[in-house]
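Enquirer: Given chain E's structure and the hints, the job is docking chain U onto it.
Here are the chains, one letter per residue:
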Amino acid sequence: MLDILVSGLLLSGTYALVAMGLNLQYGVAKIMNLANGEVLVLGALASFWLFTTQNLSPLITVLILVPLSFIGNWLIYKFLMLPLVRRSKSKGALEVDSILSTFGMSFIIIGIMVSIEGGFFAYKYLSHPIEIIGSTTSVNRLMAFVLASIIALMLYVWLNVSRQGMAVRAVSVSNEAAGLVGINVVAVSGLAFAIGGMVTAIGGALISTFITLDASIGVVYTMKALIIVIMGGVGDIRGSVIAAVILGVVETAVATLVDPGLTLASAYFIFICVLLLRPQGLFGRPTS
Amino acid sequence: MKKGTHLELTIVLCVLAASIFWPLVVNGYWLGIGVDAMMYIALATSWVLFSGPTHYISLASAAFFGVGGFAVGLGMSDYDMSFWSMLIISAVAGTLLAALVGVATLRLSGVYFVIFTLGLAEMIRNLVSWVQNNFLGSRGLYVLTDFNDQHLFWMLLLTTATIYITGWLISRSRLGFALRIIGGDETVAKHVGINTAFAKIILFTTTGLFGAIVGAIIAPRWSYIEPNQVFSPQLSFFVVIMALLGGSGRLWGPIVGVVPFLLIWNWVDANFPSQSILVLGLAFLLIVYFLPRGVLGRLEDLYVKLKKRII
Chain E
2 MLDILVSGLL
12 LSGTYALVAM
22 GLNLQYGVAK
32 IMNLANGEVL
42 VLGALASFWL
52 FTTQNLSPLI
62 TVLILVPLSF
72 IGNWLIYKFL
82 MLPLVRRSKS
92 KGALEVDSIL
102 STFGMSFIII
112 GIMVSIEGGF
122 FAYKYLSHPI
132 EIIGSTTSVN
142 RLMAFVLASI
152 IALMLYVWLN
162 VSRQGMAVRA
172 VSVSNEAAGL
182 VGINVVAVSG
192 LAFAIGGMVT
202 AIGGALISTF
212 ITLDASIGVV
222 YTMKALIIVI
232 MGGVGDIRGS
242 VIAAVILGVV
252 ETAVATLVDP
262 GLTLASAYFI
272 FICVLLLRPQ
282 GLFGRPTS
Chain U
18 MKKGTHLELT
28 IVLCVLAASI
38 FWPLVVNGYW
48 LGIGVDAMMY
58 IALATSWVLF
68 SGPTHYISLA
78 SAAFFGVGGF
88 AVGLGMSDYD
98 MSFWSMLIIS
108 AVAGTLLAAL
118 VGVATLRLSG
128 VYFVIFTLGL
138 AEMIRNLVSW
148 VQNNFLGSRG
158 LYVLTDFNDQ
168 HLFWMLLLTT
178 ATIYITGWLI
188 SRSRLGFALR
198 IIGGDETVAK
208 HVGINTAFAK
218 IILFTTTGLF
228 GAIVGAIIAP
238 RWSYIEPNQV
248 FSPQLSFFVV
258 IMALLGGSGR
268 LWGPIVGVVP
278 FLLIWNWVDA
288 NFPSQSILVL
298 GLAFLLIVYF
308 LPRGVLGRLE
318 DLYVKLKKRI
328 I
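Heads up: the protein sequence lines correspond to chains E and U, in order. Residue 2 is where the first sequence starts when you use our numbering, and the numbers rise one by one after that. Residue 18 is where the second sequence starts when you use our numbering, and the numbers rise one by one after that.
So that you can see chain E by itself, here it is in the shape it has in the complex:
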């Protein structure tokens, strides 16, 4: 029981980080990014590849990923998403367009990844056991949790304290109103999209230290991140964190008590409950 709680909690740290990334992309930049999971797996592949060929620690990979994934995602926003934002007449049309084009992106990323590594991204890093509050887990899980929490906390503080963070929050409330008070909505959306993608890629590198991924697993992580964001409420970071903990613990419980093959099914079970009971998110208010 305690084991489940501890490893569920440790897992949820990375989930929360990835969900924060998706929240920035959907809540602020208004792009429903269904290639989110593929970006995560790309981060994992970078970590795996650098570790096995260059013997580079995943911690250094994370540092390398920061500028690379930021620039990469910013370019995606600038050249692929912005034209869609410009031509869309309504929120619904943008959603359909962004969903379809991010599908396209996800397949292209999978194609590129398969050509680099077709098998599993398996490597051993800090996999020796460690004991925390009476439960045994591995060092890499703890490290991923601590790092993910630090990055998530930094992001949270930046959003709530800095001037730029305030602009980001303003855009998430309303594009029009933010534009009226002199915020460059396009620039802020691009920034949010890029940071969101960067955080997701970092999350992927962290997850890959203790879960073995492969090129085609991205869609499962997209689903998980989406479920967390919806459960927590779009644009609500506190909600995302709590939702990530719920998903992490429930998933670990199902995996240990019933069958590891049912983690996605358990995520769906949570999803159905959320849709039927609280579609506006854990802390959201119902919109008429």
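Hints were generated in silico from the structure; no laboratory data involved. Mixed in with the good hints, there may be bad ones.
Under the rule of at most 27 Å between Cα atoms (straight-line distance), these lysine-lysine pairs were calculated in the BS3-like manner [unchecked claim]:
(1) 325(U) with 90(E)
(2) 90(E) with 79(E)
(3) 90(E) with 207(U)
(4) 92(E) with 79(E)
Remember, predicted model here, so these are calculated numbers, not experimental data.
Expert: Then chain U, alone, in the frame of chain E:
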């Protein structure tokens, strides 16, 4: 999706009637392509039936298709049922699944629906594999029938014709009118007194029904049924892309989209098998950025332009 005209109905039914002779004039490779094409035309037409008017992107095709195929395998292999009774049971199962998904998601905004259907096939595959491994014994399921590709082709053709006629009738009915308003503006639809959730759910169950039937018909082709094979998430994306390539504005759009895409895909898959998924991605981008209303939409625009120039 526009209101169907009698001319459209006649032309489409003539095209379908002409294709009755396809299995008689070709065999082997081209007959196989014909079965594939007819399968995708059936799936894509039933996709357009729902997603065309509502603009809700459904990725549930693989789930319905898999439920149909798996049900046939399970019934014929483990319970000694006949193919025909299992066909009916899978149709019922597909309809029920669609109704469940609809009730859970279609009362909310479109995004929830897309997300829910995105992982649906994968989730059902996990569940089915788990049930099979733990409760049914992990032996394989066999579907042994006397059907050959010719029979399958004709059954799929009949299904396609049924889907098309159903869609045509719906587009001319009150329900079809309501759906066009929903597609135009859902808030307006609510305000004029349309029960939007109910209309969407009813329409979505037809997609589930036909998806499961197509899956059931294809099952004899494989003879050995495995969850990994029938619940292939890629199928959903194929259906979406073929429907969008043709143009989801008209019910017969998929007929235009399926054949060229299938031929290109087979060529790529034969010559560059490892790059095939990349091509799928590029096809999505091509549609979003250059053919947002499909080939038919592009042709329509050209026609309007030409007409203006002449007048």
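Enquirer: Determine for every hint whether it applies to the structure shown.
Expert: Hint by hint, here is what the structure shows:
| no. | hint | result |
| --- | --- | --- |
| 1 | 325(U) with 90(E) | holds (25 Å) |
| 2 | 90(E) with 79(E) | holds (19 Å) |
| 3 | 90(E) with 207(U) | holds (21 Å) |
| 4 | 92(E) with 79(E) | holds (19 Å) |
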